Amino acid sequence: MSHSFEDCSKLFALLSEYLDDELPANECSELERHLADCPPCVAFLESLKKSIELCPDCGSPAGPAPISEAVRSKLRQAWRKALEARP
Amino acid sequence: MDGAPEAFEEFVAHFGAKVFQYSWSMCGHRDDAEEVAQDTLLKVFENLNQLREPERVRPWVFRIAKNACLMKRRKSVFAPRHELSLEELMPVRNGEGEHRHIDIADWSALPEDSVLRSELGAEIARAISGLPEIYRPVILLRDVEELSTEETAEILEISTDLVKTRLHRARLAIRQNLDAYLRLTAKER
Chain G
11 MSHSFEDCSK LFALLSEYLD DELPANECSE LERHLADCPP CVAFLESLKK SIELCPDCGS
71 PAGPAPISEA VRSKLRQAWR KALEARP
Chain D
88 MDGAPEAFEE FVAHFGAKVF QYSWSMCGHR DDAEEVAQDT LLKVFENLNQ LREPERVRPW
148 VFRIAKNACL MKRRKSVFAP RHELSLEELM PVRNGEGEHR HIDIADWSAL PEDSVLRSEL
208 GAEIARAISG LPEIYRPVIL LRDVEELSTE ETAEILEIST DLVKTRLHRA RLAIRQNLDA
268 YLRLTAKER
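These protein sequence lines are chains G and D, in that order.
Note that our numbering has the first sequence beginning at 11, numbered continuously upward.
Note that our numbering has the second sequence beginning at 88, numbered continuously upward.
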């Protein structure tokens, strides 16, 4: 292992773009070369990836209270009006 | 969008819950979040004729929700702008050369059990609510709602570069929070 933690720090800012396939090709190659030889960065990247994958599961502890009939009727009226106004 | 009564019910149930979740994380108050969700739905229906591309209904709804949140924001939520630095989000590093390692939880042992997974979900929700205000909408739109970088930039009226910068810091902060949570629960087991 030839590089130091300083190399890791330089590439640390690029990890999200790498996971999102939004990293320019040259930086992507540089990062992949580094990852091939840096188990700590691989472990970190893997933890970041798993953390991102869990995000869509983060529900509110409880959903919203049911909408009152008064509000629902106002909404329904606005919905009907919008549909009637469609060309 | 079709005119069938069930289409109305589906739209209200789906977007009502989504906007409520977004608004609760943004406003920090359940009552405000419920009001924002209802105000947003009303505004969406009242302005439906302005939606030129129906396939882009999600970013359009969230843009309205974002503005409704800003209107609702209570004074107490106004906090000094705090920016997260990459340095504070890096893992603790030890050793030299081949002995280099980072302090990190065992992420390979994420719970499969649905109860424990929902505990992790609740932990993420808490972590998102604890983020400084400028990072919260970015991670909610990109990683919770899974909108694109471009759609998020459009909703928040910021550049795509700023979305990427804020998203990365927000993700790192959530990861750090979960890492601490996983270590704690591993110790308790």
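Everything labelled a hint here was simulated from the structure, so no lab data went into it.
All values derive from a computational prediction rather than experimental measurement.
Certain hints may be false.
Claimed, not checked - Each computed DSSO-like pair below joins lysine-lysine, with the alpha-carbon atoms no more than 27 Å apart:
1. D:K274 x G:K60
2. D:K159 x D:K130
3. G:K20 x G:K59
4. G:K84 x D:K130
5. D:K105 x G:K60
Cross-check of the supplied hints:
1. For the suggested pair K274 (chain D) and K60 (chain G), the alpha carbons sit about 20 Å apart, so the restraint of at most 27 Å is met.
2. The hinted pair formed by K159 (chain D) and K130 (chain D) meets the criterion: a straight-line CA distance of about 14 Å does not exceed 27 Å.
3. With a CA separation close to 19 Å, the supplied pair K20 (chain G) and K59 (chain G) stays within the 27 Å bound.
4. Proposed proximity of K84 (chain G) and K130 (chain D) is supported: the alpha carbons are some 11 Å apart, at most 27 Å.
5. Taking the CA atoms of K105 (chain D) and K60 (chain G), the gap is about 22 Å. The hint holds against a cut of 27 Å.
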